[in-house]
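Order-wise, the sequence lines are chains A and B.
For what it's worth, this note's numbering labels the leading residue of the first sequence as -15, then goes sequentially.
For what it's worth, this note's numbering labels the leading residue of the second sequence as 21, then goes sequentially.
Incorrect hints may have been included.
Which bits of chain B does chain A cover? Going by a derived footprint, with three or more residues having C-beta under 8 Å, they are [what the hints assert, rightly or not]: (1) 86 to 96; (2) 105 to 117; (3) 237 to 246.
Simulated from the structure, these hints should not be mistaken for laboratory data.
Beta carbons are placed, not taken as given, at the ideal position from N, Cα and C, and that holds for glycine.
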Amino acid sequence: MEPSLRPDVQTPPPLLLEPVTEPRGVFGPLNDLLAQPLAVVDRARQGMNFAPLRLLAGGLACCALYGAAAGFFQGGTQILLAALKVPLIVALSLLLCAPSLYVFAALNGVRWSWRSYLAVMAGFAGTLGLLLAGLLPIAWLFSLSSRYLLAVTWIHILLWVLALLVGWRFLRRALASIGAQGGMFLWLLLFCIVSFQVATFLRPVLWHPRGAPVFRLGEKMSFLEHLGEAADVLVPSSR
Amino acid sequence: MAGFSEGRLLRGLDGLLADVAAGRNLARHGAGLVLRMAACAALYGAVFGGWHGPRLAGYVALKLPLVLLLTSALTLLFSWLAARFLGVPLRFGQVAVLTFLGLAVASLLLASLSPVAWLFIHCAPAPSPAARTAHNLLYLMHTLFLGSCGLAGTAVLWRGLRRVEAPRRALRTVWVLWVLTYAVVGGEVAWVLRPFVGSVYVPVIFLRRDALNGNVYEFVVTDILPHLVDTVLH
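The whole structure should be built from the sequences, with the hints applied where relevant.
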């Protein structure tokens, strides 16, 4: 269900010089994100249909594809499990950091409306999803050829940080367009750390020992301990 | 004569870069560059694998262009997306042609070094467990040639990127990101497709049975670094 098309009380001038049209088709919002990254925020501000749910769903679908590629480290059912868990990690991290984005940005001068807030969140999720989809072939190659869980974990950490750093440009510009005075990198750092802890909470993501539960939600562990635990696992060559 | 040739070469490059910046004839340029890159890399590859005889020479003539093409295939999507999100509005075809241009220049330089590489291989003792030093020296030489030609290729890539209308800072970030991604993924692809120089202990094969059992960075951390530390400490 798309949000209502009621515009903000004071419709600001458009951010883009080119006329902004409404996204069409299933991939329209993702495609638009590539062609005009800030169009989603502009549409939201002008009271047009900015398709946040389609954008969010598209971004999470891309995350699922990346997860499937990551699952090739173990193969078998882990491909499906990782395809399920990676979008969950991203979605839950976004959900947990959503209030802090609102408050941090408001303190930095952003004049939020619910539409612009949804547009920024959905746009950021879509950007991260697209970047992970772009990194998918690389993740697949390393997942398929790595022997140590620790090595492949570090490769995914590096790829995720890379996606966050490139995606940061969207977030920075989108927030600046609605009044942010800077200083939001701290939120990105927070989001990054939260995503590591969410991945630990939803473990095991990459390596699932035979007979072990699919989720270990009851066992408490910090992401640093989780990383240490990964160091002890040597994947058998018969995987 | 030399000046005339150099001038022609540069004018050709300028024309190509102008076409890329305008998004003209991308398919034609891309195909031409891939063909040249493959031919030049195959020539150097034939010399690269030549120490172990004609069989490995043939294999490496096939595998070296394959390393470049596979690495491009694995990195192009991310390179394009990263450029778009960093504010460098390039089409996928433009990113592909720029990548192939850098690789074609690197391959051309490698091909020009083939006679030099051939001389050192020709003068090296035949492969045997006693020829470990020769093996290591040849390995170093090829790494040096590949690294320096790759760097020259990235310089031409930068020249092409500078033609794109975008802030200089964004262009520089994109260039660094492309080069790093290509280097990291290329290292792994080359590792999967080994051997190139050929081992002094095992017979010549096209691909190792354990090609996908362990990545190159794991090998560096678990094998090379401990060995180096051990050597330094004792």
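| Do three or more residues of the region 105 to 117 of chain B come closer than 8 Å to chain A, measuring C-beta to C-beta? | Three-residue rule met by the region 105 to 117 of chain B, so holds; n is 3.
| How does the coverage statement for the region 86 to 96 of chain B fare against chain A, requiring three or more residues with Cβ below 8 Å from a Cβ of that chain? | holds (count 3)
| Do at least three Cβ atoms from the region 237 to 246 of chain B come closer than 8 Å to Cβ atoms of chain A? | holds (count 4)
Going down the numbered hints, you'll see the structure goes against none, and every one checks out.
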